[in-house]
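Engineer: Start from the sequences, fold in the hints, and give me the full structure.
One line per chain: the protein sequences are A and B, in this order.
With our numbering, you'll find the first sequence wraps up at 661, consecutive numbering, no jumps.
With our numbering, you'll find the second sequence wraps up at 311, consecutive numbering, no jumps.
These are calculated hints, taken from the structure and not from any lab test.
Because the structure is a prediction, the values reported are computed rather than measured.
Any given hint might turn out to be false.
What the hints assert, rightly or not - With the Cβ distance kept under 7 Å, some of the chain B side facing chain A (calculated, not the full set):
no.: 1; residue: L108
no.: 2; residue: V143
no.: 3; residue: V150
no.: 4; residue: P151
no.: 5; residue: R168
Said to hold, decoys possible - Chain A side only, calculated, beta carbon under 7 Å to chain B, not exhaustive:
no.: 6; residue: K234
no.: 7; residue: H460
no.: 8; residue: L500
no.: 9; residue: E507
no.: 10; residue: E510
no.: 11; residue: A513
no.: 12; residue: M522
no.: 13; residue: G523
no.: 14; residue: D527
no.: 15; residue: P531
no.: 16; residue: E542
no.: 17; residue: K543
Said to hold, decoys possible - Cross-link-like lysine to aspartate or glutamate pairs, in silico, EDC-like; alpha carbons within 16 Å at most:
no.: 18; chain 1: B; residue 1: K188; chain 2: A; residue 2: E542
no.: 19; chain 1: A; residue 1: K611; chain 2: A; residue 2: E600
no.: 20; chain 1: A; residue 1: K498; chain 2: B; residue 2: D181
no.: 21; chain 1: A; residue 1: K543; chain 2: B; residue 2: E198
no.: 22; chain 1: A; residue 1: K475; chain 2: A; residue 2: D368
no.: 23; chain 1: A; residue 1: K657; chain 2: A; residue 2: E435
no.: 24; chain 1: A; residue 1: K490; chain 2: A; residue 2: D368
no.: 25; chain 1: A; residue 1: K613; chain 2: A; residue 2: D594
All residues carry an ideal CB built from backbone N, CA and C; glycine is no exception.
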Amino acid sequence: MTKEELKGAGEEGEDQAQSKKALKKAQKEAEKAAKKAEKQAKLAAEQQSTEEDDFAKDRYGVSPMVQSQQKLDRVLVRVQELTPEKADQLIWVRARVHTSRAKGKQCFLVLRQQQFNVQALVAVGDRASKQMVKFAANISKESIVDVEAMVRKVDQKIESCSQQEVELHIERIFVISQAEPRLPLQLEDAVRPEGEGDEEGRATVNQDTKLDNRVIDLRTTTSQAIFRLQSGVCQLFRDTLTNKGFVEIQTPKIISAASEGGANVFTVSYFKTSAYLAQSPQLYKQMCICADFDKVFCVGPVFRAEDSNTHRHLTEFVGLDIEMAFNYHYHEVIDSITDTMVQIFKGLRDRFQTEIQTVNKQYPSEPFKFLEPTLRLEYTEGVAMLRAAGVEMGDEEDLSTPNEKLLGRLVKEKYDTDFYVLDKYPLAVRPFYTMPDPSDLKYSNSYDMFMRGEEILSGAQRIHDAQLLTERATHHNIDLEKIKAYIDSFRYGAPPHAGGGIGLERVTMLYLGLHNVRQTSMFPRDPKRLTP
Amino acid sequence: MPMYQVKPISGGDIKVDLPTCMYKLPNIHAQSDSGSCIDNVLQNGEVDPALKALEQRQDEILRRLYELKAAVDGLAKTVTTPDADLDATSLSSAPVMSAPKEVADLDSLLGKDLGALRDIVINANPSSPPLSLLVLHGLLCQRYSVLSTVHVHSSVPSVPPKLLNCLGPRHPDSYTRQRFQLGFTLIWKDVPRLQMKFSVPNMCPIEGEGNVARFLSRLVGLEPRDPVAATLSDSWVDTAFFQLAEGGGKERAAVVRALNAALGRGPWLAGADLSLADVVCACCLLQTGTSAASAPANVQRWLKGCQNLDTLACINPLLQ
Chain A
130 MTKEELKGAG EEGEDQAQSK KALKKAQKEA EKAAKKAEKQ AKLAAEQQST
180 EEDDFAKDRY GVSPMVQSQQ KLDRVLVRVQ ELTPEKADQL IWVRARVHTS
230 RAKGKQCFLV LRQQQFNVQA LVAVGDRASK QMVKFAANIS KESIVDVEAM
280 VRKVDQKIES CSQQEVELHI ERIFVISQAE PRLPLQLEDA VRPEGEGDEE
330 GRATVNQDTK LDNRVIDLRT TTSQAIFRLQ SGVCQLFRDT LTNKGFVEIQ
380 TPKIISAASE GGANVFTVSY FKTSAYLAQS PQLYKQMCIC ADFDKVFCVG
430 PVFRAEDSNT HRHLTEFVGL DIEMAFNYHY HEVIDSITDT MVQIFKGLRD
480 RFQTEIQTVN KQYPSEPFKF LEPTLRLEYT EGVAMLRAAG VEMGDEEDLS
530 TPNEKLLGRL VKEKYDTDFY VLDKYPLAVR PFYTMPDPSD LKYSNSYDMF
580 MRGEEILSGA QRIHDAQLLT ERATHHNIDL EKIKAYIDSF RYGAPPHAGG
630 GIGLERVTML YLGLHNVRQT SMFPRDPKRL TP
Chain B
-8 MPMYQVKPIS GGDIKVDLPT CMYKLPNIHA QSDSGSCIDN VLQNGEVDPA
42 LKALEQRQDE ILRRLYELKA AVDGLAKTVT TPDADLDATS LSSAPVMSAP
92 KEVADLDSLL GKDLGALRDI VINANPSSPP LSLLVLHGLL CQRYSVLSTV
142 HVHSSVPSVP PKLLNCLGPR HPDSYTRQRF QLGFTLIWKD VPRLQMKFSV
192 PNMCPIEGEG NVARFLSRLV GLEPRDPVAA TLSDSWVDTA FFQLAEGGGK
242 ERAAVVRALN AALGRGPWLA GADLSLADVV CACCLLQTGT SAASAPANVQ
292 RWLKGCQNLD TLACINPLLQ
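Structural biologist: Here it is as structure tokens:
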């Protein structure tokens, strides 16, 4: 009722204006229609003309979706291989459109393939028509194109591209897969060094945007370099250890009991009961030693249900774990592990220099320094160095993160190394299975390794004697029932052994001097992120 | 007289409707009250008793500070010139040389032990191995229990094995660093000048092989006790590094002549015993490729004597 009344009132008021308004409206519409007709005529004329004189019609276009209709024998050249030796050859390239810039009768494209890019040019001429240039200019960024082009040497180096000495003169261009015109983030913005953006008023992309659109972020030169280097770390780790006679093993990730105490484990439902995600493959590594595999390593995911949102904690990361039986002294194991690390560092230094330089462009850092053989300091020495620097701490106190950093700086100052081992930790701050020091019960046969002042590996000689293990477990108030299987594995003769594990992401981060472990995890998992 | 005057931006007489719900404060813009305290003092000729008390307190503090300064000055006079009455002429005749060389106390030489291994870190370039320091290392090992380690820094791609083994075989106890009195860590590194680091917070790095040699020689008592001989030895160390090791052919020939003359006067370069000067000069001569045969007679005899010493034997593998 009320609504209708109101409506009625409104209509009454409108009635007066109706005639004038209608008149105006009609006039406008007429104008519009005229314009439209004109435009359409023009467009039609244009189209007609294009259809008529576009001699290059079949030299460009959007290819039908590749459904493996035909198997072409066409050789596609890698952008990386475009060097002056290829000059004046007609070649095919598949690449992404990195940028495009049209200028009158020509259009410059930068074609990108992983971290390599090359300048390409479409210009009106006897091979390309005006329409083809227009088409090329309208290809959205990040689209994938097939291009047939002549390689030409350039007089002046193209500073903005990785292939600086040649450019491509495009003769055919086909879009294989089109990108949406609006990108969630621009690649140039994502690789801009921090701080530079602020100065020039240019955008930088924040971490969360990058991680939300990880697929695009991973295309940047920096990300490409980081993950290529990370793959190198894994490769070198495997190669070095295999050469040393280690055996690669696989361990279960769903386990029935928490491996290191009860805290920080993810519970998963397991049919009618529940199970846990492995926090470390340690027990299984040790069982393999007891089963006479002598030297083992494994590479696999490790889960930690720690609710810490720091730059170096992830809830799932890749663990590179080593366990090794030794003859008489656990330093045999330290020597093995540190030598493996040094081989990795050397391999990275010698084989991945381009990647390191690329990452340095966005995240500048000092090159990673190390000594061979690795420097080994003892815990008491570390504490003494800290005390000399004015830190107050107890003999048996664990190192806090700031103290670890400070000690890293002090060690670097004196020995100029970013990698060192701190040996003989106090027994009180280590897990129950750590072997006590034979001469001083306050200390233990355990060690941490540090890169740029941050802990990357924590390891120890493990107790391989069931009786001593039971004693130590009772001392730590651990329910013996829960670790019965673990203790039992040492009852039938066990070789003395030691080991440790490193986190792949953390090692990559610290080697490159990055400041967040999420940058070196392809799809990071932390307490606040489960996707993508 | 004020420097310049500016018209008030807002008049002090603006009427503002102030809410009554809160407490009141005097208007800070109002001119009438400003500087009232000083004005009052000047006009009335009376000083606030609180101010007077403050002035008295400050005077008292100043007086006590002056007293303290005088006391410290007096103390400083007696401390800084303890042997002002010592006769300088008796110095050279003092029978210092006869004093037996007892094992130097590391605590007194290097400062109190804080529980850490006292580690001497030497960064040396593999292109010019510091021979004299290797000799001194040998002497250190005779006197103390020394943990010797050799490392290669990442700035150097690789070094020949003879440089890796230049400090001799590994000590059987090297797995416990705490058992040693002294650490000797040699790092082959791409450095322009040899460098030694000892206590980073308290001591700046020592640069140059000669200076490091001086530091180490004091730990092994190789420096002559007699001040005259010590000065002589010191000057030979400089000569050795600046003119023998780094100098040209002519300079070197001149030094060899000077050595010959000096060795005509005694068996060793400074004093009656082997000193740092002998070690350093011999090492520099041997490193530049001077063979004993081509040298003048006195140098020849002396160089042979040096090479026959056990302490210099350790550099032989590096000379080949």
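Engineer: Which of the numbered hints are not met once you compare them with the structure shown?
Structural biologist: 3, 4, 6, 12, 13, 14, 15, 24
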